[in-house]
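**Student:** Listed here are the chains, written in short residue letters.
2 protein chains.
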Amino acid sequence: MKLENKQWYYVKRPEAQIGAENYELRKDVIDTSELKENEILIRSKYVSVDPYMRIHQSIHNTWEKPQELNTLQGSGVVGEVIESRSDKFIPGDFVNAYTGWQEYAVINADQARKLYPKIPVSTALSILGMPARVAYFGLLEEGELKSTDTVVVSGAAGAVGSIVVQLAKLKGCRVVGTAGTQEKIDYLQNELGIDVALNYKEHDSLEKMTKALAEACPEGIDVYYDNVGGNVTDAVFNLINHKARILICGQISQYNHGLDTPEMGPRFLHKMLYTRAKIQGILSRDYNHRMDEMLAEMEPLVQSGKLKYKETIMDGFENLPAALSGLFDGSNKGKMLVKIY
Amino acid sequence: MKLENKQWYYVKRPEAQIGAENYELRKDVIDTSELKENEILIRSKYVSVDPYMRIHQSIHNTWEKPQELNTLQGSGVVGEVIESRSDKFIPGDFVNAYTGWQEYAVINADQARKLYPKIPVSTALSILGMPARVAYFGLLEEGELKSTDTVVVSGAAGAVGSIVVQLAKLKGCRVVGTAGTQEKIDYLQNELGIDVALNYKEHDSLEKMTKALAEACPEGIDVYYDNVGGNVTDAVFNLINHKARILICGQISQYNHGLDTPEMGPRFLHKMLYTRAKIQGILSRDYNHRMDEMLAEMEPLVQSGKLKYKETIMDGFENLPAALSGLFDGSNKGKMLVKIY
Numbered sequence: 001m002k003l004e005n006k007q008w009y010y011v012k013r014p015e016a017q018i019g020a021e022n023y024e025l026r027k028d029v030i031d032t033s034e035l036k037e038n039e040i041l042i043r044s045k046y047v048s049v050d051p052y053m054r055i056h057q058s059i060h061n062t063w064e065k066p067q068e069l070n071t072l073q074g075s076g077v078v079g080e081v082i083e084s085r086s087d088k089f090i091p092g093d094f095v096n097a098y099t100g101w102q103e104y105a106v107i108n109a110d111q112a113r114k115l116y117p118k119i120p121v122s123t124a125l126s127i128l129g130m131p132a133r134v135a136y137f138g139l140l141e142e143g144e145l146k147s148t149d150t151v152v153v154s155g156a157a158g159a160v161g162s163i164v165v166q167l168a169k170l171k172g173c174r175v176v177g178t179a180g181t182q183e184k185i186d187y188l189q190n191e192l193g194i195d196v197a198l199n200y201k202e203h204d205s206l207e208k209m210t211k212a213l214a215e216a217c218p219e220g221i222d223v224y225y226d227n228v229g230g231n232v233t234d235a236v237f238n239l240i241n242h243k244a245r246i247l248i249c250g251q252i253s254q255y256n257h258g259l260d261t262p263e264m265g266p267r268f269l270h271k272m273l274y275t276r277a278k279i280q281g282i283l284s285r286d287y288n289h290r291m292d293e294m295l296a297e298m299e300p301l302v303q304s305g306k307l308k309y310k311e312t313i314m315d316g317f318e319n320l321p322a323a324l325s326g327l328f329d330g331s332n333k334g335k336m337l338v339k340i341y
Numbered sequence: 001m002k003l004e005n006k007q008w009y010y011v012k013r014p015e016a017q018i019g020a021e022n023y024e025l026r027k028d029v030i031d032t033s034e035l036k037e038n039e040i041l042i043r044s045k046y047v048s049v050d051p052y053m054r055i056h057q058s059i060h061n062t063w064e065k066p067q068e069l070n071t072l073q074g075s076g077v078v079g080e081v082i083e084s085r086s087d088k089f090i091p092g093d094f095v096n097a098y099t100g101w102q103e104y105a106v107i108n109a110d111q112a113r114k115l116y117p118k119i120p121v122s123t124a125l126s127i128l129g130m131p132a133r134v135a136y137f138g139l140l141e142e143g144e145l146k147s148t149d150t151v152v153v154s155g156a157a158g159a160v161g162s163i164v165v166q167l168a169k170l171k172g173c174r175v176v177g178t179a180g181t182q183e184k185i186d187y188l189q190n191e192l193g194i195d196v197a198l199n200y201k202e203h204d205s206l207e208k209m210t211k212a213l214a215e216a217c218p219e220g221i222d223v224y225y226d227n228v229g230g231n232v233t234d235a236v237f238n239l240i241n242h243k244a245r246i247l248i249c250g251q252i253s254q255y256n257h258g259l260d261t262p263e264m265g266p267r268f269l270h271k272m273l274y275t276r277a278k279i280q281g282i283l284s285r286d287y288n289h290r291m292d293e294m295l296a297e298m299e300p301l302v303q304s305g306k307l308k309y310k311e312t313i314m315d316g317f318e319n320l321p322a323a324l325s326g327l328f329d330g331s332n333k334g335k336m337l338v339k340i341y
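Order-wise, the sequence lines are chains A and B. Just so you know, we're using UniProt numbering here: the first sequence kicks off at 1 and counts up by one. Just so you know, we're using UniProt numbering here: the second sequence kicks off at 1 and counts up by one.
Pairwise CB distance ranges (calculated): (1) A:E183 x B:H289: 49 to 57 Å; (2) B:K12 x A:Q17: 46 to 54 Å; (3) A:H60 x B:K243: 17 to 25 Å; (4) A:K88 x B:K306: 57 to 65 Å; (5) B:K243 x A:P66: 18 to 26 Å; (6) B:K12 x A:K201: 37 to 45 Å; (7) B:Y98 x A:G305: 50 to 58 Å; (8) A:I59 x B:Y98: 47 to 55 Å; (9) A:D329 x B:K243: 32 to 40 Å; (10) A:E68 x B:N241: 16 to 24 Å; (11) B:D186 x A:E207: 45 to 53 Å; (12) B:G193 x A:H60: 27 to 35 Å.
Hint data in this document are derived by calculation from the structure and do not stem from the laboratory. Keep in mind it's a predicted model, so treat the numbers as computed, not measured. Think of the CB as a built atom: it goes at the ideal place given N, C-alpha and C, for glycine as much as any other residue.
So here's chain A without its partners, still in its complex pose (with noise of 0.2 Å):
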């Protein structure tokens, strides 16, 4: 059988924010009978975006070297397999792989993930997935929380902050968040259980987010789960205690021009000598082989409701660059995913 597969290609670099003038449909055909022993055929159901894709188009080295003109986007997936030359999986299953932005792909079986859906296959990318091992290993490993700790989140609402609120409320601390309209705010307030959420675009200015984060953190900040950068994370440092562990999990106010050429804000590195703090970058692939090891914690969690979890979904493949586009107009609650069928 010959599959027509749909694929986004990325094609020119953005001057600033991403969106699909950067991205090109492309259609690849897929022959099911050339299938090798131990592949499998999958077809995309849910296909994530996420900020380290726009990372990745910078001009400078990140990770590696910029993400070269005229490749396939990549991403996480969740798909369901459709043929199998694998004993591991028959039609039916669903997988988690990174087969980035195609509506198919035939993977070796090593490559895929077998979800057991007690829950949702889409958490595989959310809640269950990349956002929550960084949420989880940072927050607690490299933040070595306790639970008297003042937890500051920016970012609060979207997919990797929500699960870090909701987990250091259930460590027993206070729990401070950023977010940037009112509907964020009453989730964080109304479902997440959150201490304070602060809609960082009322306190607009250092000043103004300083003094609403004094008010908020009575007793100062312990540990800033940072998702975001800019203002909020500047006046964050005005805050900070002693043997206080800040987690760069994300900037992505910076991503759509502060990497190519550097927003100017406050120096604030004296900081850390009266404090003796810690600045740690953290990226969810680090723990990508204690996989296990995280699930095993949150889908007990998952599943008794004592983590909740909100997944924006657009639907269509046609609309993955504008999903990619609206994360950074702040658009989701909780992980934004595209869901193919």
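Guided by the hints, dock chain B onto chain A, whose structure is given.
**Tutor:** For chain B alone, coordinates are given in the frame of chain A:
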């Protein structure tokens, strides 16, 4: 016996660079007949001036509240015991204590550390004192130093930097340092055996400093020991390797202005993501309780000449404020001290 005791009091908050106008010479009288049991009278021989003194004069809280006006300037001192009511000390002993900018002091014997001067006693304030503690524990422990690391040191010819340079060389690392005069560059190259010494005044833009450091560090930067901040630090962030360790020991370029009104500089936290680097603030006082451990390692190295040291010694009690001010002009090689008699 009654002794006239000259003292320098901090009386006026500095707007920018600290100087003589911020201090006032006062006189006190010590009646030696009033010495209590376990007390000793010491005469200051060497008195320390250190950048942290200026930090404490910020209008903002740092380690604690700003130094109050009309207080004796605190500092480390090497003094000679003149009278003793302790069985631990006899007149003629030399001690290290924190008695501040005054000619004499009466202290409890527990507050003094006895010196056994196989090496000149002034070293208790330099290569075997406070600067050595933060160099030693900061570099080796927080810096997790490995022999394959490329190490960059700002303020490399200063009290702390010159020790860091040598410890890293002894470990087998490639070591690159920055300093501000040709004399210091020569000292680093000819006496301390640094691999490359860069005059930051000749590389006075981010582009120039980045280029110079990139040439000096062909394999990137693994450890950055920062005493200075500003442009050198900005450039280092362009070149850090994965899992780099950045130690913030000082930010002397910021102390005279930037503490009260932060300077602007390029945002760099996004680079922590790609590299999963760590920034750790370090402070000598955190290792006070491990002084003996440091001395056990360092004293033999100093005695055998494997660790060299320079002290910039100004003569005369009246010159203490000028000596402190001089730190910010970079007029010292190694530790700046004032010799009282």
